[in-house]
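Chains as they are written, first to last, in the numbering used here: chain A, 26 to 297; chain B, 3 to 298.
When the alpha-carbon atoms are kept at most 16 Å apart in a straight line, the in silico EDC-like pairs for lysine to aspartate or glutamate are as follows:
hint, chain 1, residue 1, chain 2, residue 2
1, A, 280, B, 111
2, B, 29, B, 63
3, A, 71, A, 58
4, A, 60, B, 142
5, B, 29, B, 264
6, A, 287, A, 182
Everything labelled a hint here was simulated from the structure, so no lab data went into it. In this text, all values refer to a predicted model and were calculated from it rather than measured experimentally.
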Amino acid sequence: MNRMSWFNTVSLTLGFAFLYIPMIILIIFSFNESKLVTVWAGFSTKWYGELLQNQAFLDAAWVTVRVAVFSSTLATILGTAAAYVLVRGGRFFGRTLFSGMIYAPLVMPEVITGLSLLLLFIGIGLDRGILTIVLAHTTFSMCFVSVVVSSRLITFDQSLEEAALDLGCTAAQAFRLVTLPIIAPAVISGWLLAFTLSLDDLVIASFTSGPSATTLPIKIFSAVRLGVSPEINALSTLMIAVVTVGVITASLVTKRAMVRQKQDEMAAARAE
Amino acid sequence: MRRALLIAIPYVWLLALFLVPFFIVLKISLSDIELAIPPYTPTLDLSQGWAGIRDFFSQLDFENFVWLTEDDLYWKAYLSSVKIALISTVLTLIVGYPIAYGMARAPTEWRPTLMMLVILPFWTSFLIRVYAWMGILSNEGYLNQILLWTGIISTPLTILNTNTAVYIGIVYTYLPFMILPIYSALERMDESLIEAAEDLGCSRVQAFWLVTIPLSRPGIIAGCFLVMIPVIGEFVIPSLLGGSGTLMIGKVLWEEFFSNRDWPVASAVAVVLLLILVVPIVLFQRNQQKQAEAEQ
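All chains, full assembly: derive it from the sequences and hints.
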């Protein structure tokens, strides 16, 4: 049944209009000449120029990117291991607690996670800075990575791993040569998810950062509290552009990987 | 051996950085405020042996929790957070279900694109998406400009800094969390079931209520939990879109911590919030596990 009823067309149109119009308005008004964000006064890119002159924003952006790269990489390694343990690990002591600790951070209010991590860092005498934000971000984003990766691990055919083991692979080799290439798209999207989660986070970073390390969301939040400003619109537009390009590239890459995998499978089937 | 290591590394990480911090919060919530300088008394001094442990427990007290019940700011904030979360979950479901339904019934070749269109805003900064509404809803904002220009209203509506703005912000930012689980439940559904229901004499509306809704129930439940639980502790939306009348516990905790610097009371607020959330979090986890097992 490939025809769309009018109801579906209307709900999709309204739904996507609701999702996208606010961001489109935001982008349009970043090119506004006037300082007043709500009155259109002609096209200009001057707010982008001013943004690039703003050393505080640039410093914060550099901190944010470093935190995001480190924490998402760590989170991907830990999250993939956690997913493997959850799906293939069988029974072990404390499995329920383990899966609870994987799912709970997904819905845990950020104020609680932030406060509890801060009190931990102070308790063990760790100075607040980039390191503490990385540790905090790794902890909550590894859970997202592990959910993404485990959903891929569940659907793939375990007999492939068993075949590799039968043919003389060690467990580590089987993982590296068979499992990892198959779950690679999920691992990559897990990394991207962890990266954007870290890029976005305001609340946990506010609790766990010290005066030496201010991230971009913290900077944006303190500016936005005073009201709407064209400079923030310009910054938001740049961030939306980066994310859009990233997501589209990632989806094209995974699509190509999936097509290639299908072709390989078909070729293998023909060879038999 | 290797297996043990593979289990141990993420396990120990989560124990140290997720579970242990909660006990620290619990401990500090039972301590006295000491001029904002850590460490807060009491401290556990194991070198003194049994006497140290006894001292530790005798110094714990519940005065911060008593304080939470005496000042009605706190319980009002908890109640109002739960109320706002429940109402906005229902609103998100009402807005999100038709979108998920439309996506699941769209031609197969459109679906990946539609899916990406839902995910894309979810990847864009939460803060930016909330900020976008500040320009729309303010008194001189775009919404009021349009309504005034078309003559629907004669004086600007006050929406920003009210609870209405908070509801709009929550529905907007949490919508993908509602759409995606419902969509994945609806997409798996066998459409011939609806045809069967119609052949057996159901009207389209009846078939929807009796077949489609029950089959999408796991998705609806997952979506509602994914929206409701984090919204109860939400901080960014009430502080940017809400007004002085918007009482939410996440904001109270933030102010207790950053403005009043009263860490023990902030910890007590967090402990009570966690107690409120334990039941829905456990139910959510059960639902996820059941679904995962059904797929396996």
